[in-house]
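Participant: Got two chains here, each in a separate frame; can you build the complex from them with the hints?
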Amino acid sequence: MLTNVLIGGKAGQGPNVLANIISEILVKTGYYVFLSREYESVIRGGHNYNILTFSDTKVYSNENKIDILICLDDNTELVHKSKIRKETLVLRNKDNKENIYFAGKLLKILGFDFKFLEIEIKKLRNFDANLKNAKEGYESENSKFNLKTSKNKTNYFMNGAQGVKEGALKGGMDVYFAYPMTPATSLLSELAEKQVENNILTLELENEIAVFNAAIGSAITGAKSMVGTSGGGFDLMTEALSLAGIGEIPVVAYLAQRPGPATGVATKTAQGDLNIALYSGHGEFSRVVVAPGDPIESAELTSALFYLSQKFKIPCLILSDKQLAESFYTLNGKANIVKSEKLTSLKRYNSYEHLDSGEATEDTAIVEKNVERRLMKANEIKREVEKLETCKVYGKGKTLIVGWGSTKGAIFDAIQGLDARFLQVLYLEPFSDKIVAELKKADNIIVVENNATAQLANLITAKTGIFIKNKILKYNGLPFYSDELKEEIKKRMK
Amino acid sequence: MENLNTMIKPTWCPGCFNFQILTGVKNVVFNELNSGKKRDEFAIVSGIGCHAKIFDYLNINGINTLHGRVLPTCFGIKIGNPNLKVIGFSGDGDAYAEGMEHLVHMARYNVDMKYIIHDNQVFALTTGQSTPTTEIGFKDKTNPLGAKLNPLNPIKLMLSLNVGFVARVFADVKSVEDVLKEALKYKGFAFIEVIQPCLIFHQDTGFKERIYSLQEAKHDKTNITEALKKAEEFDYNDSKSKIPTGIFYQKEREIFEDKFEQLKKLKDKKMSWKDIKR
Chain A
125 MLTNVLIGGK
135 AGQGPNVLAN
145 IISEILVKTG
155 YYVFLSREYE
165 SVIRGGHNYN
175 ILTFSDTKVY
185 SNENKIDILI
195 CLDDNTELVH
205 KSKIRKETLV
215 LRNKDNKENI
225 YFAGKLLKIL
235 GFDFKFLEIE
245 IKKLRNFDAN
255 LKNAKEGYES
265 ENSKFNLKTS
275 KNKTNYFMNG
285 AQGVKEGALK
295 GGMDVYFAYP
305 MTPATSLLSE
315 LAEKQVENNI
325 LTLELENEIA
335 VFNAAIGSAI
345 TGAKSMVGTS
355 GGGFDLMTEA
365 LSLAGIGEIP
375 VVAYLAQRPG
385 PATGVATKTA
395 QGDLNIALYS
405 GHGEFSRVVV
415 APGDPIESAE
425 LTSALFYLSQ
435 KFKIPCLILS
445 DKQLAESFYT
455 LNGKANIVKS
465 EKLTSLKRYN
475 SYEHLDSGEA
485 TEDTAIVEKN
495 VERRLMKANE
505 IKREVEKLET
515 CKVYGKGKTL
525 IVGWGSTKGA
535 IFDAIQGLDA
545 RFLQVLYLEP
555 FSDKIVAELK
565 KADNIIVVEN
575 NATAQLANLI
585 TAKTGIFIKN
595 KILKYNGLPF
605 YSDELKEEIK
615 KRMK
Chain B
67 MENLNTMIKP
77 TWCPGCFNFQ
87 ILTGVKNVVF
97 NELNSGKKRD
107 EFAIVSGIGC
117 HAKIFDYLNI
127 NGINTLHGRV
137 LPTCFGIKIG
147 NPNLKVIGFS
157 GDGDAYAEGM
167 EHLVHMARYN
177 VDMKYIIHDN
187 QVFALTTGQS
197 TPTTEIGFKD
207 KTNPLGAKLN
217 PLNPIKLMLS
227 LNVGFVARVF
237 ADVKSVEDVL
247 KEALKYKGFA
257 FIEVIQPCLI
267 FHQDTGFKER
277 IYSLQEAKHD
287 KTNITEALKK
297 AEEFDYNDSK
307 SKIPTGIFYQ
317 KEREIFEDKF
327 EQLKKLKDKK
337 MSWKDIKR
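Chains as they are written, first to last, in the working numbering: chain A, 125 to 618; chain B, 67 to 344.
Honestly, the hints are just simulated from the structure, not real lab data.
There's no promise every hint is true.
With a Cα cut of at most 30 Å, we get these calculated DSBU-like pairs of lysine-lysine [stated by the list, open to error]:
(1) B:K333 - A:K471
(2) A:K318 - B:K340
(3) A:K318 - B:K335
(4) A:K463 - B:K330
Owing to the predicted nature of the structure, the values given are computational and were not obtained by experimental measurement.
The shape of chain B in the complex, shown without the other chains (with noise of 0.2 Å):
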């Protein structure tokens, strides 16, 4: 039986909402494994950040990599062997600030890729600043005058970018699980934002209590319209709204992949660049 522990003692806080993701990722993953896939058809990219750390509990291959390049990165392991799996994981702080100008394009590749986004409204590893989703008026160390600057709503960007695939989930095991499996089965770039409290640095404005299944909602997730109009409902500022969580938007477009006659000839022989002899 394939372990995908590592040697080592995660640092998160007690309680951290990041086990929560760790064990929704390796539980899927330990599915895949368990119906026949390999785990070296697997690679995995964090960035820098509380999130990063979950390339230290979970054996696959892949890097941690530099703050922000978690994209470009992801994006350079499918051009160098398209038949990998590879899942990527950022913070907000990774994805929005530093990494902003490749989500955006990463978004027009549409590499067949996984993303996830440990959202917690904070640069927790570095003590508690304000990030781009992080609410006006949120105070700390940095900002003793409070968030000045109304948040970026990912949902609403990566829908207007035409993503084919983007869900918000909150952080519970389940909800991860669920919503990891339904994007492994999509082909193309899967945008999955996690919401979780930070435990220290950003308090919990009842989430739980807030978020609602889009799913159970009938929400028609073919229907861009709708998604967008979704999408709209939490803003990333309020504290009392309802959150829809689930998939917002799912929709097949041509892959990156696809488009490279180079990049077609070694999926369809199952082979990487490495393979290739000159």
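One chain only, chain A, in its complex shape (with noise of 0.2 Å):
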């Protein structure tokens, strides 16, 4: 019964509103929901759209048809029209509704009571008008799916920013800088809003620089300390990250891709900076980095890089992107927290290459040593990551496809009835030995990623020797939908 529901509409409009309200009465009864957000950089106007997908059973991506169409604007349904089937369902705005009113419509059309979106109703401003606009949009329209409602008690509705918030305070974080920047500063807000309660701090900084520069500073103090950005302003911070790297200094930051080069497309998702999470950052030094895939391995991997970071006096790095940031996953079960002390104090810290004690030096045999030092740390680092869940296998058919991030969802999806096993990447630095032995007793490989030139195929060629020569990209600023991504996999399978 997996049914996705496109609401588009004008920014201002409302339709994440209407998306949201609607969501929270599906996992409430008992269903999955998969909400995903498409916006422009507008503030008020052009076409914003949810897709919301909902079914009985999980589900953790949209699909790219179309079952029913909410087009709060004439546009919508313009920029939508190639997927509309005959079976999809349209309802038009003729006499300019307001979002309510169509909660009401599409409440009535799944088959709900009224009272469900008049709890709903209650958590937002104008109450009187929003439930008198609700109840004419229901009793305008007749059930037509009839949903049978059960009492959820344990399902969830979350976004991937959360998970990275709830792994940020679980995992100790004390401090946390940023510089606003989309689909970062979903996580800045987040952290922001309670800090008071949560006994933490968040500060808004000048720019980038200043940012992982100040985290330098409250780091080598003893404070758990975070940064969070999207692939420009990290540009700005790789200087910084190489001083941590030199300077042995614990600071976990938080890369929420979306499209580049340069300014890219501000608000859509991608996958394209693996490489610069790996890479950046001149001069050699260890650092580790990590991808989950679903808002409760947000949470997981976050905590785990404060101790790790810890441990090892390393940056530590969280690729996410906007699919996954902004995207409410329909949830169960508690994230597996990794505790951690601070273990860094404020003692000499230096950029330059330097003594114990913290002076430079320019010394070739202390340069050669202190290199070697920092560098073997990779290994240690290797088996203590090594002892942490550094990947995932689902399913247990014979075509395998492995991706990292935000993918997850849409792979999960679209394996479901095929042939094929999924192995979902989390570390990606180190490059843990269960990954190379999963690829290596695979026959055919493909990979599935949300950039242009397979970033995660090169790594693994780099790292096992193993050419992945099936690739299913997607570099258009969407997502992949799970039914689009199944029709490749497919052509693909042996």
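Facilitator: Laid out in structure tokens, this is it:
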């Protein structure tokens, strides 16, 4: 019964609010919902839309085909014309009604009791007007789905940024520095909201250069320090990332990707920054790079990075993207949080190659020894990381699909019913032996990435010598949809 | 007795005015230690350039950080532990070229820290290029046609940004000592510009003969209009005018650390984030 609802309108018309209300009701009544949000760099006007996919079984992505299309403005139907099929139910806004009116309509179409909507409307402003609107919409339709409701007590609805927030708070973060940049800003807002209650501090500084350098300052006093940005901002941080390398200073960085180069497509999604996460910063030093695929993994891996960065005194990076950070997932169960101590103390640090006591040196023997010591750490880090969950394998089929980060949801949904299994890489650096073993025993590998150059496939080749010919790449700013991905995988299966 | 020396032999040129700054700072910190302060209550940060070597010669916790990033690093240290007494050191290249973006904002933040700029009007460690405070006409290998731009007047800039402690001294032990002592008493961002010739790359234009003391001249340091007038007397370009030194302006305003409940709590309990168990 997988159903896709696309809700579109102008920025300011509130398609997002409408989508959230219906999602909340569906999750509460026992359904699985995956809700994504597409918007433009426009504050009022333009075209924004949400795709709400729901099912009575697990679902972690949207499909390309649309079952219900809600057009808050005329433009929505034009933009999404190609997705409309004979069976698609199209709701148009001839009388210029508000989003809440359509929430009423949709609720009735799905077959829910009105009381569920009333509860949600209470959370909004203008209760009376909204209630009247919603009722009017509700009464204008007939139920078409007759969805049954069951009491769900354990499923919850969460996005990737909220997952990182949970991991940061439970992982013991003290201070978070950032400069606003989509799609990383949502984490800053999430953390800022209850900072006093949580006894953490979030600060917005003049630019990303100040952000990372301030994090270095607070980190050397022993505070668990974190920064967040997207690709362009991360570029500005990389000089200081290199300082964290030579200074052996623990900073956790959240890198939420969007399409580049440069300003790229500011409000869309991409996985184009794996290379900079792995290789940015001049000189040679150790780091850890992780890529969660859902909000629970976001929490788990973020907490693990606080542990690893403190233990090994290294910079650590969480790769996310707009799709993961801003999409809502229906989840169950708790994140396995890694707790850690604060192991850094104020002493004498240096950006120059330095003596143990902190003073700069050009002594070639010491330089060589320091370089080797810092790189030797990579072995210890790898040993430690091997104890953690570095990858996951889903399914038992013959073809091996490989992916990382936010594509997890679409791949997981796409392989259902196929003779394929899915290897999800969680730790990209260090590169685990378990991943190598999985790759070596596969005879048909397909890599799926939201970028144009298959950066994971290239990493795999570099680490294992395995060349992956089958690549499914998408780089138009949109995430993978499970139905289109399934077709692409089928074409490449032996 | 505490010793602030490190094992490193200074590599500044013989007679370099940076020795004067080092001794002045050392004397002040030494006095603080003698009056009961602990060495680990202090943190120092230097950037990149000749000035930055001061980190190697001063055995106090902190970091010799990246070029231009002294201020955000000091800021971060204060955020990490607002109880620390933080002193930042920069050269004119570090502060006014590479680090200008931070200087302007640091003036807004008003964190309680002291900032000493070793201004010799030249990039010395890279063998003598012009900086934002170099005078027009200055020639070097990379500027064979002579520097063409008007120099920046850092004092005027700081005053215009409402910085609550703005001073300039000549690089001699006593002046550095006196002004840093005052700055440490001041609660907030204290800006101290130390003018010095570079013996190798930027000749002395007779600083010693040209300077006069604002305090001896009965300058009213609470008067911003007067301060701005005094700042105009030397524009970093001409080699003849008198150069006022001392405190141009002093006025306390609310510091950054007091604006955030979380930091205030740390200050009140004399704690850092490291002490917070989660």
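Participant: Compare the structure with each hint and give your call.
Facilitator: Results for each hint:
Between K333 of chain B and K471 of chain A, the direct Cα distance comes to roughly 20 Å. Compliance with the 30 Å bound is thereby established for this hinted pair. For the hint linking K318 of chain A to K340 of chain B, the alpha-carbon distance of about 20 Å falls within 30 Å, and the restraint holds. For the given pair, K318 of chain A sits about 22 Å from K335 of chain B by alpha-carbon distance, which is consistent with the 30 Å threshold. In summary, the hint linking K463 of chain A to K330 of chain B is supported, as the alpha carbons are separated by about 27 Å, within the 30 Å threshold.
The structure fails none of the hints (numbered hints given earlier).
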